[in-house]
Structure formats: C-alpha cells, structure tokens
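Colleague: As a plain string of letters, each chain reads:
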Amino acid sequence: MEFLDNIFLYGTSIIRSIITWIGFDPAITNMIMAAVYTVAILVICTLVALFYVLYERKLAGFIQYRPGPNKLGPFGLFQTVADAVKLLTKEDIVPRNADKALHFLAPLFVFIPPILALGAIPFGNKLVAVDLNIGMLYILAVTSLSTIPFFLAGWSSNNKYTMLGAMRAVSQKISYEIPVIFSVLAITMIAGSLNMSEVVGMQGKLWFVFVQPLSFLIFFIAGIAETNRAPFDLPEGESELTAGYLTEYSGMKWALFFLAEYCSMFVFSAMATTLFLGGWLGPVLPGWMWFVLKVHVLMTVIIWIRWTFPRIRVDKLLEFNWKILIPASILNIFATGIGVYLFNNFF
Amino acid sequence: MSLSLILSYFEMINWHTIAFYIISIFLISSAVYVVLTGNIVRSVIALIFTFLMTAGIYFLLQAEFIAVVQMLIYAGAISVLIVFSVMLITDRDKNINETSPFSHNLFFGSIASGLFYLAVSITVHNTSWNVTLKNKEFTDISLIARGFLTENVIAFELAAVLLLVALAAAIFIIKEVKDDN
Numbered sequence: 211m212e213f214l215d216n217i218f219l220y221g222t223s224i225i226r227s228i229i230t231w232i233g234f235d236p237a238i239t240n241m242i243m244a245a246v247y248t249v250a251i252l253v254i255c256t257l258v259a260l261f262y263v264l265y266e267r268k269l270a271g272f273i274q275y276r277p278g279p280n281k282l283g284p285f286g287l288f289q290t291v292a293d294a295v296k297l298l299t300k301e302d303i304v305p306r307n308a309d310k311a312l313h314f315l316a317p318l319f320v321f322i323p324p325i326l327a328l329g330a331i332p333f334g335n336k337l338v339a340v341d342l343n344i345g346m347l348y349i350l351a352v353t354s355l356s357t358i359p360f361f362l363a364g365w366s367s368n369n370k371y372t373m374l375g376a377m378r379a380v381s382q383k384i385s386y387e388i389p390v391i392f393s394v395l396a397i398t399m400i401a402g403s404l405n406m407s408e409v410v411g412m413q414g415k416l417w418f419v420f421v422q423p424l425s426f427l428i429f430f431i432a433g434i435a436e437t438n439r440a441p442f443d444l445p446e447g448e449s450e451l452t453a454g455y456l457t458e459y460s461g462m463k464w465a466l467f468f469l470a471e472y473c474s475m476f477v478f479s480a481m482a483t484t485l486f487l488g489g490w491l492g493p494v495l496p497g498w499m500w501f502v503l504k505v506h507v508l509m510t511v512i513i514w515i516r517w518t519f520p521r522i523r524v525d526k527l528l529e530f531n532w533k534i535l536i537p538a539s540i541l542n543i544f545a546t547g548i549g550v551y552l553f554n555n556f557f
Numbered sequence: 090m091s092l093s094l095i096l097s098y099f100e101m102i103n104w105h106t107i108a109f110y111i112i113s114i115f116l117i118s119s120a121v122y123v124v125l126t127g128n129i130v131r132s133v134i135a136l137i138f139t140f141l142m143t144a145g146i147y148f149l150l151q152a153e154f155i156a157v158v159q160m161l162i163y164a165g166a167i168s169v170l171i172v173f174s175v176m177l178i179t180d181r182d183k184n185i186n187e188t189s190p191f192s193h194n195l196f197f198g199s200i201a202s203g204l205f206y207l208a209v210s211i212t213v214h215n216t217s218w219n220v221t222l223k224n225k226e227f228t229d230i231s232l233i234a235r236g237f238l239t240e241n242v243i244a245f246e247l248a249a250v251l252l253l254v255a256l257a258a259a260i261f262i263i264k265e266v267k268d269d270n
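Here the protein sequences line up with chains A and B, keeping their order.
Heads up: take any position in the first sequence, counting from 1, add 210, and you land on this note's numbering.
Heads up: take any position in the second sequence, counting from 1, add 89, and you land on this note's numbering.
So here's chain A without its partners, still in its complex pose (with noise of 0.2 Å):
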C-alpha cells in the first residue's frame, strides 16, 4: 500500500535520477521537471475532459431515462473519439469583420487558468507540483483570470450574441468571485494557513465540510456559476442567445472551450475536495485514489444539478449573489471569527 501511494513520486524520482545521471547541472534538471510536471498536468487535464464529456451523456441519459451514445465501441465508449474526429475535420469559419487573431487566441487563452491552478493542487500527501506556501491565494488569482477569454471570444467574433454573452459572462464571474473568496476566507481563517497541503493536514480528525457547511454550501453554489454551468450558463444561453459567447466558433475551437470548460469544474472541484473534503485523505485506499473519488463525487452532483435545474434569469441571478450569497458569507466570516475567538481562548 505504501508502494500504491507514493507511486507517482517514484515516477518522478526515478525521472530525476535519470536526468542527473547524464549530468545535468541541478538548474536544468529543476527546469526538466518543471517541464515533466506540466505535461502530466496537461495529460491530466485532457483525460478528465475526454472522460467527464463521456460520463455527462451517459448520466443525462440515465437522469432523462435513455440510453445516451451506445453505438461505438463497448458502451458508447469511443463515441468521444468519433467526436473528435469530426471536430478537427469541420470547417473553421471565421467571421469576416472578426478581429482574427484574438478570435483566434481566446480558445487557446481559455485553457491556461485551469492549467496554472492544478499546479498548485496536492493531489496526493506531496503529490503537488509547486508547493506554494500561498497556494490558495495563488488559485484564487489564477482562476480570476478566467473572464477574460470569454470577453475576448464575445467581442472578437463582432456579433450581437457573443457580445451580450461576453457581457453576461463577465459580470457574473467578477461577482460570483467575491463569494467564493470570502468562503475561502472562513477556511483560511480556521486553517490558518494559505498553504494547500497544510490544510489538508489540518483535516485529519474532522473534514473543514463539518465545521464550515455554510462556507461550502456557498463555495459550491458560487463555484458552479463560475464554470459557467447551469443553472448559472446564461453566458451561453442558447434559448435566448444562440450560443452566447460561442456562436460564432466552430470545429476544434469551439470544442477547446467546450474541454475547458470540464477543466475548470475539475479545478474547481479539486479546489472544494482539498479545502473541504479532506483532499488526499481516507483509509485503506492510497491517497491519490481518495482524491480522484472525492472529486468524482463532486463533479457527478455538478452533472446532476445541471439535468435537474432550469436556467434561471439574469437579474435573479446577480440578486441571487449580492443578496443571499455575499450578506451569508460575510456573516459566515463574522461567525467564524467570533468561534475561532473563543476557541483559542476557552478551550
């Protein structure tokens, strides 16, 4: 078991080994493995959207009580395959009044907030590829970046629909970051640490999940809407906007942010599993697979929600943020504090 658990460091060590055992100095060999960690993270990134793509229509199908993709391959299994297949083979049609070149950067742009954040994601005890002493903060600046390729996307394609589906993107995203950030503060706070791995430590007796529920009811929530998943995909919005910010893509690039956007939930699920759930965590199995089960979890309720729930409106939707979600979780910050008070002083 202790062999299961730490096999991916042995992976990289054995790596390491290798490359100083050519003679490297040790700054390229640091470089090599930065360069090593990155590919994994984006192998990781691809694998999660190629299968979570698959597992959404098999469960729609489930919730909705049909059969979903069951022709290629043993259970539909190659149907994501075939798919790709016919995606690279589309036609990519730029408008003719569009800004070409950031038409043409948004979906690339759209894949590096998802892949900067895993960085800093222990996905097993020392399994992380940077372990910033900082680590929440610095997910939380990387992820805030996320609006801005959707505003390009909307704007370059020169479109009325894109450009009220950028607008929708952008003002949801810049509010629903603020209640995601404070939840993270009532954490923060009972932690007393930014550092990931650190916070998962802390979780040995008692998942954050129990002590905070509030803070994690909101996190989800504003999480949610931040993928831009439905309930919250009024970005999208197809029965009003078309396709919101994606009308005018087609082909590979529409389905670049159609896999970022599994990346994202992925991220955001992982953040929740290592600030609430225990991250790494759990008996018996070793660690990496607890961690790939709690976010396997959490992704499956994301599924759930989105073929359960309508859309809802747009203006419902930012009340729903700056009435309910920002008020609770200013109050959940004032609570805790007063409990990590008396906590530090009377027991």
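Read the hints as simulated data drawn from the structure, not as lab findings.
Hints are not guaranteed to be accurate.
No more than 25 Å apart at the CA atoms, straight line, and that leaves these computed lysine-lysine pairs for BS3-like [claimed, not checked]:
{"hint": "1", "chain 1": "B", "residue 1": "K264", "chain 2": "A", "residue 2": "K526"}
{"hint": "2", "chain 1": "A", "residue 1": "K370", "chain 2": "A", "residue 2": "K310"}
{"hint": "3", "chain 1": "A", "residue 1": "K300", "chain 2": "A", "residue 2": "K310"}
{"hint": "4", "chain 1": "B", "residue 1": "K264", "chain 2": "A", "residue 2": "K310"}
{"hint": "5", "chain 1": "A", "residue 1": "K533", "chain 2": "B", "residue 2": "K264"}
{"hint": "6", "chain 1": "A", "residue 1": "K281", "chain 2": "A", "residue 2": "K268"}
{"hint": "7", "chain 1": "A", "residue 1": "K268", "chain 2": "A", "residue 2": "K310"}
{"hint": "8", "chain 1": "A", "residue 1": "K526", "chain 2": "A", "residue 2": "K370"}
{"hint": "9", "chain 1": "A", "residue 1": "K296", "chain 2": "A", "residue 2": "K281"}
{"hint": "10", "chain 1": "A", "residue 1": "K296", "chain 2": "A", "residue 2": "K310"}
{"hint": "11", "chain 1": "A", "residue 1": "K310", "chain 2": "A", "residue 2": "K281"}
{"hint": "12", "chain 1": "A", "residue 1": "K370", "chain 2": "B", "residue 2": "K183"}
Given chain A, work out where chain B should sit, using these hints.
Modeller: Relative to the frame of chain A, chain B by itself:
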C-alpha cells in the same frame, strides 16, 4: 563537440538573468504595444499581459505574495473594470490614437514621460536598498498581516474607509440615474 562540453557550457549560464531578460523583453514590448495600438481591446489585452509579466518579475524576486496579489488585483480585477467600460463603447473599429484627446500631444507627452523616467531612475539609484538573501518578510504573509493590524493599522483602516466611501458613492450615483428615468 562532446556531451560534457555542451553540459559545461550550460553550467556557465546564469538562468536567473536569462529569465529576467526574457520577462523584461515581453514586459516592455507589451507595454509599448498598449500605447501604440489603435484597437482598444488589443490595448487592454496587452495591458493584462503587462500586469502578468510584472507578476513574473516579482516571482523571480521570490516575492510570491506580491506577485499573486498583482495577479489577483491588477490582472484579475482592475482589468475587468477596464473591460467593462470597453464593452460600453459602441464604435468598435475607431482608432483610439485618433479619437483620444491625449494622443496628439506627442511633444509634451514625451517630455512628461522623460521627466518621470528621470525621477524614477534617480530615486532608484539613490536609495540604499536592504538586500537580504532570506526575504522572509515577503513570503511569510502572517508578518504582513501583523504589520497591517499593529504598526500600520491607521493606514489600513483609512484605506478600508476610502473603499467603503467609493462603494457608497457608486451605489448613490446609480440610484440617482434610476430615479430620473
């Protein structure tokens, strides 16, 4: 050339300096692009890139906290404010270098920026910097927090009050507009 010779050549390079120059080149060229481009959205994007490269410089100096705050506040929040105002511009194809009232004063503008550069460089050269190898003050954020709530508590609270005033004023202005309608 044998492998060991190439490797010894690599060892002579100071990677830190190379990273600094790469980031600086991107930083300066994107900052110049912000000013020179006529397209306002491209200008905003280049500005965000400039903010991120500045954060890169801070990371290189191992001032992680300042780097992350730079990303969170400048690249994440300030840029979104600019994006908001850009989205309200109706004529998207106008060249901002022609429509902006400030872009015609090339002469005075260059004098002003030259003077600013002079002032900054004189200050930088005449300051005796505390060079420490262990910059614990930058990485240990509990020290920063303690500084905010003990020594500099008045400045900290004043900034908070200022932000509150700005927030109240913004809400008040919006409310006025609504009443007129």
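Colleague: Each hint: holds or not?
Modeller: Structure-based check of all given hints:
1. B:K264 / A:K526: 19 Å, holds
2. A:K370 / A:K310: 17 Å, holds
3. A:K300 / A:K310: 18 Å, holds
4. B:K264 / A:K310: 40 Å, violated
5. A:K533 / B:K264: Within the cut-off at roughly 17 Å; holds.
6. A:K281 / A:K268: Given pair A:K281, A:K268 holds - Cα atoms ~12 Å apart, limit 25 Å.
7. A:K268 / A:K310: With Cα atoms ~36 Å apart, A:K268 and A:K310 exceed 25 Å; violated.
8. A:K526 / A:K370: 22 Å, holds
9. A:K296 / A:K281: 16 Å, holds
10. A:K296 / A:K310: 23 Å, holds
11. A:K310 / A:K281: 38 Å, violated
12. A:K370 / B:K183: 18 Å, holds
The earlier numbered hints that this structure contradicts are 4, 7, 11.
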